[in-house]
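Add chains B and C to chain A, keeping to what the hints say.
What follows is each chain in one-letter form.
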Amino acid sequence: MSMWKKKVLPLMMTVPVTMGLAGCTQTDAEVSAAPYEKGDQTIELQFWTSAVEEVNQTLVDQFNETKGAELNIHVNAEYQGDYWEMQQKVNAAAIAGTLPNVFVDEVAMTKGFADNDIIVNLEPYIKATDFDRSDFQIGDLGNLYVGEDLYAFPHMRSVPVMYVNKTLAAKAGLDANGPATFAELEAYLQAAHDATGEPPMYLFNYDFWVMEALLHSYSGTTVVNKEETESNINSEGAVKLITFIEDLESKGLVKVLGVTDSDAFYAAIAKPSTALIFSSIGGYKTLAGMAQKNGLELGVSMIPTGEDGTRGVPVGGSNTYLANTGGDQEKAAAFEFMKWLSDTEQAAYASANTGYLPTRLSSLDTDLMKETIAAFPGYQVASDQLEFSKMRPMTGAYHEIEDLMGGRINEIWLENLNIQESLDKLAEEVNVILNR
Amino acid sequence: MKTLIRAPGLILRILISVLLIVIFLTPFYWMILTAFKTLGEVLAMPPKFWVESLQWQNFKDAFTRIDFLHYTRNSLIITLGTLIGQVLVVVPAAYAFARYDFKGKNGLFGTVLATMMIPGQLIFLPIFVMFAKSGLLNTYVSLIVPFIASGTAIFMLRQTFMQVPDSQLEAARLDNAGEFKIIYTIMMPAAIPTLSTLALLTFIGTWNSYFFPLVWTTTDAVRTLPLGIQRLQDIEGLSPQIVMAGNMMLIVPILIVFVVARKQIIKAFTYMGVK
Amino acid sequence: MKNRSKSMKLLPYLLVAPAVMILTIFYIYPILYNVYLSFFTWNMRGPMKFAGLNNYIELFKGRDFLSTLSNTLLYMVMDVTLVMVLAMLLALFLQKNTFINRFIQTLSFTPNIISLISVSLIWMWLMNTDTGLFNYLLSLIGAGPVGWLTDKQVALFSLVLVSVWKSVGFNALIITSALGSIPAHLYEAAALDNASKQSVFFQITLKMISPTLFFLILMNIIGSFQVFETINIMTQGGPANATNTLIFSIYKQSFEYYRVGYAAAMAVVLMAIVGLITIFYFKALNRRVHYR
Chain A
1 MSMWKKKVLP LMMTVPVTMG LAGCTQTDAE VSAAPYEKGD QTIELQFWTS AVEEVNQTLV
61 DQFNETKGAE LNIHVNAEYQ GDYWEMQQKV NAAAIAGTLP NVFVDEVAMT KGFADNDIIV
121 NLEPYIKATD FDRSDFQIGD LGNLYVGEDL YAFPHMRSVP VMYVNKTLAA KAGLDANGPA
181 TFAELEAYLQ AAHDATGEPP MYLFNYDFWV MEALLHSYSG TTVVNKEETE SNINSEGAVK
241 LITFIEDLES KGLVKVLGVT DSDAFYAAIA KPSTALIFSS IGGYKTLAGM AQKNGLELGV
301 SMIPTGEDGT RGVPVGGSNT YLANTGGDQE KAAAFEFMKW LSDTEQAAYA SANTGYLPTR
361 LSSLDTDLMK ETIAAFPGYQ VASDQLEFSK MRPMTGAYHE IEDLMGGRIN EIWLENLNIQ
421 ESLDKLAEEV NVILNR
Chain B
1 MKTLIRAPGL ILRILISVLL IVIFLTPFYW MILTAFKTLG EVLAMPPKFW VESLQWQNFK
61 DAFTRIDFLH YTRNSLIITL GTLIGQVLVV VPAAYAFARY DFKGKNGLFG TVLATMMIPG
121 QLIFLPIFVM FAKSGLLNTY VSLIVPFIAS GTAIFMLRQT FMQVPDSQLE AARLDNAGEF
181 KIIYTIMMPA AIPTLSTLAL LTFIGTWNSY FFPLVWTTTD AVRTLPLGIQ RLQDIEGLSP
241 QIVMAGNMML IVPILIVFVV ARKQIIKAFT YMGVK
Chain C
1 MKNRSKSMKL LPYLLVAPAV MILTIFYIYP ILYNVYLSFF TWNMRGPMKF AGLNNYIELF
61 KGRDFLSTLS NTLLYMVMDV TLVMVLAMLL ALFLQKNTFI NRFIQTLSFT PNIISLISVS
121 LIWMWLMNTD TGLFNYLLSL IGAGPVGWLT DKQVALFSLV LVSVWKSVGF NALIITSALG
181 SIPAHLYEAA ALDNASKQSV FFQITLKMIS PTLFFLILMN IIGSFQVFET INIMTQGGPA
241 NATNTLIFSI YKQSFEYYRV GYAAAMAVVL MAIVGLITIF YFKALNRRVH YR
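In order, the protein sequence lines correspond to chains A, B and C. Counted from 1, the first sequence has number 85 at position 85 by this note's numbering; the numbering is strictly sequential. Counted from 1, the second sequence has number 273 at position 273 by this note's numbering; the numbering is strictly sequential. Counted from 1, the third sequence has number 106 at position 106 by this note's numbering; the numbering is strictly sequential.
Looking at chain A on its own, in the form it has when it is part of the complex (with noise of 0.2 angstroms):
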């Protein structure tokens, strides 16, 4: 006994001493950078994707042709699955050190990367290679800085938009754009839900973030305060809101759809009894295939005003990150290839091929872009809505009260609870986590 005893535990002992050093990096960040100069050897970058593999990996294929090539940068996408994977998988990877070079992943996580030394500053590569940040398309609400400083760039970004199912408006009579505010709302829903007997609306609202997009536009109000210290869930525009929506749910006239359901979800979009949906622009080009291949027509309108023409809608989709990793040639490497990714042509590229918004003003002059919105007029719709751009909110922890406000949210609709007081309830949590 006491043999094993011996050898064992100063073994043991070691893991918690090296867990306890490993926590203490700290990275200063207003050291300056130098730009990146080409050396013999090609440097080997790692670049984690998420949500859209395809298109990542066309990028990054043509960058190791080209540009790639001419730096002596290689670099390797691997796809890490949708945000909150990649999310689990990033800060994984930030303890066992191994991070990737650059990753994709959600706009909202930024400042909980940011804070927890998981991304890099950006503002000394962006002196050191005096880059125009004036040419993006989505820029102060678009949870890039974390305070003055920049901390990401836009790749594939999104406005929540309403789907408008074209097909069923014209054999309804309906408006083929969709009611233009929420007093409109109802009777367009009843008349469509008259036409086909079947729910004319899904709403998924574990995409929390189109929630974000009703609590601005119906209810002129925010998730949480500017400070980001207390709920506003249970504001009178969100009980509104709240109301609004379980009315129309108990009339037949919206499904709400729970955590499970995500692929439910996205298989409503293209049924022919559905009338609107409100979902993701970066979807656009998938959704339109498969409205078509349904014999659909599949028409893209801004977010509905609320009473006094209030509008609001926040600007999700990822960001590229600079990760906390290898020597000071490899972050510039990296920074490089983020730089490429982020350039006109491939703004474009990425855009044209998905839905989402080209995050270069430049990249709307290109012909790819030209014949895409030409083509694809929702296009330039979700453009427009950027007008009414919101920041989404910054707090690391959001990713789990959204989660929370989802549910609890889903429960009040599907048991009937008392509005006022479940949403008294929810804030109260909310305040919590924020206040950790």
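Treat the hints as calculated values from the structure; they're not laboratory data. Computed from a predicted model, the values in this text were never measured in an experiment. Don't be surprised by glycine CBs; every beta carbon is placed ideally from N, CA and C. Errors might be hidden in some of the hints.
Only some residues are given here: those of chain B computed to face chain C with a beta carbon under 8 angstroms [to be verified]: (1) Ala93; (2) Leu169; (3) Val260; (4) Gln264; (5) Ile266.
Straight-line distance between alpha carbons at most 16 angstroms, and here's what the computed EDC-like set of lysine to aspartate or glutamate pairs gives [as the list claims (entries may be wrong)]: (6) A:Lys255 / C:Asp151; (7) C:Lys152 / A:Glu411; (8) A:Lys255 / A:Glu429; (9) A:Lys425 / C:Asp64.
Frame of chain A; chains B and C shown alone:
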């Protein structure tokens, strides 16, 4: 008279038998059927219970949408590594517990048995942190080593080793045979049935393992086929025919082993349940 | 000679050392380390902050842990009861060693060797609300559609169904083998006494296989606490947290919300429950053995 009384019982028996067969066969049939359908047939309502033409394309799609060979290779490496590791670690331990008296033996053996009661799922988090801190995340080692000292295997082998007659051991010791020689020339051959049973159990367990490869890896580098199939579901969730084709490719190797070694596998599981 | 005996004394320790070391590092130590983690606030990246009992206080103050715990226990009760009752019936039904019975036995055992992810994917497809086979079959008799995985009242039970389908054959197999090992002379004696069918079943059959049944119950209880795959693939803990159980919650809290201490505290509670059940089982077992 007698046959009249028995007839209803017999009919009931047949009905229940048919019902049981339907219950246990239908999910498999539905998987296979779906895997050979077109998307149109998959979504058709009412569903078709037969297909006009077999869509082998689904298997090709499943095979190329994920890096099937990569995941399969990882599954094989980890399965094989676990098997070899188990022999190296479990055989000596079981031999010592079976044939030696030493101070602390009962305590140690009790510890081994106690670990069989601890669901590994409960401690994935501290182990994850240990792996992360020691740089063992995303290595084959992290998916092999924790499983090679299986308490079940030590227990089963010990029982077998205890049944080897003393006379054989005495004879070997008189010939001045080393302990390792005894293990490999007397004990191992006597334990071949147990070892092959253990190998089957380990193969099934490791091939099917999903939880630990999920929580102890962060990249695709060492991820196994079950995770590959989940990935397929993530990206092709709207095309059940492709997911089911991939799923079939995950199940078939296990089914082949089951068909070949059915009796032994059933015996092994029975043993596990009544030990 | 002296040397040899000394090395002989060391030898058994050397032989068991690798196994004991691995079990210590991957079972014993993590349990302790987990308890240690549960007293800290830590997001896996920054420094660890000592939190005393805060994580435990938060567990029992918050809404979600208690509902998660009750989901876990509800799942366990439904799962274990259904598996045991159905396995018992199946074993009794298949007792006679005929070709068709052997076939059914093998068939019912097959799901047990298939990976849970495969089983989950198949059942998720069968249980699809709009295009699944189950709701189609229900529609034939004018019922449904049932939101197998989307209705809060049904989802947890649907997961139980999957688990029962997967493990009932294995449990029946064990019971069948226990039934087969009951000495025939007991039945012969009972027949001579003209004992009723019920009393034979309760006095002989059930009594003789009760150690096996208790063992299976324990195994199924511990197994049901580990449910993860079906949840992660089929429901993600939803709808509205209805299928959120402890292991899934630990996974989510640690890997998605980075609340390591809180998740570790949850694991400690579950470990305590498993420990208590196991101790209770062995106590009961010991008493039985003495009784005999």
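Hint check results:
Taken as an interface hint, B:Ala93 checks out: its beta carbon lies about 4 angstroms from the nearest beta carbon of chain C, inside 8 angstroms. Interface hint status for B:Leu169: violated, as the beta-carbon distance to the closest one in chain C is roughly 13 angstroms, over 8 angstroms. With a cut of 8 angstroms, the hint placing B:Val260 at the interface with chain C is violated, because the nearest CB-to-CB distance is about 13 angstroms. Of the supplied interface hints, the one on B:Gln264 is violated, with its beta-carbon coming no nearer than about 12 angstroms to a beta-carbon of chain C, more than 8 angstroms.
Of the supplied interface hints, the one on B:Ile266 holds, with its beta-carbon coming within about 6 angstroms of a beta-carbon of chain C, less than 8 angstroms. Straight-line distance between C-alpha atoms of A:Lys255 and C:Asp151 comes to about 13 angstroms, which keeps the hinted pair within the 16 angstroms bound. Simply put, C:Lys152 and A:Glu411 have alpha-carbon atoms about 9 angstroms apart, close enough for the 16 angstroms limit, and the pair holds. For the hint pairing A:Lys255 with A:Glu429, the CA-to-CA distance comes to about 26 angstroms; that exceeds 16 angstroms, so the pair is violated.
Between the alpha carbons of A:Lys425 and C:Asp64 the distance comes to roughly 13 angstroms, so the proposed pair stays at or under 16 angstroms and holds.
Against the hints set out earlier in the document, violations occur for numbers 2, 3, 4 and 8.
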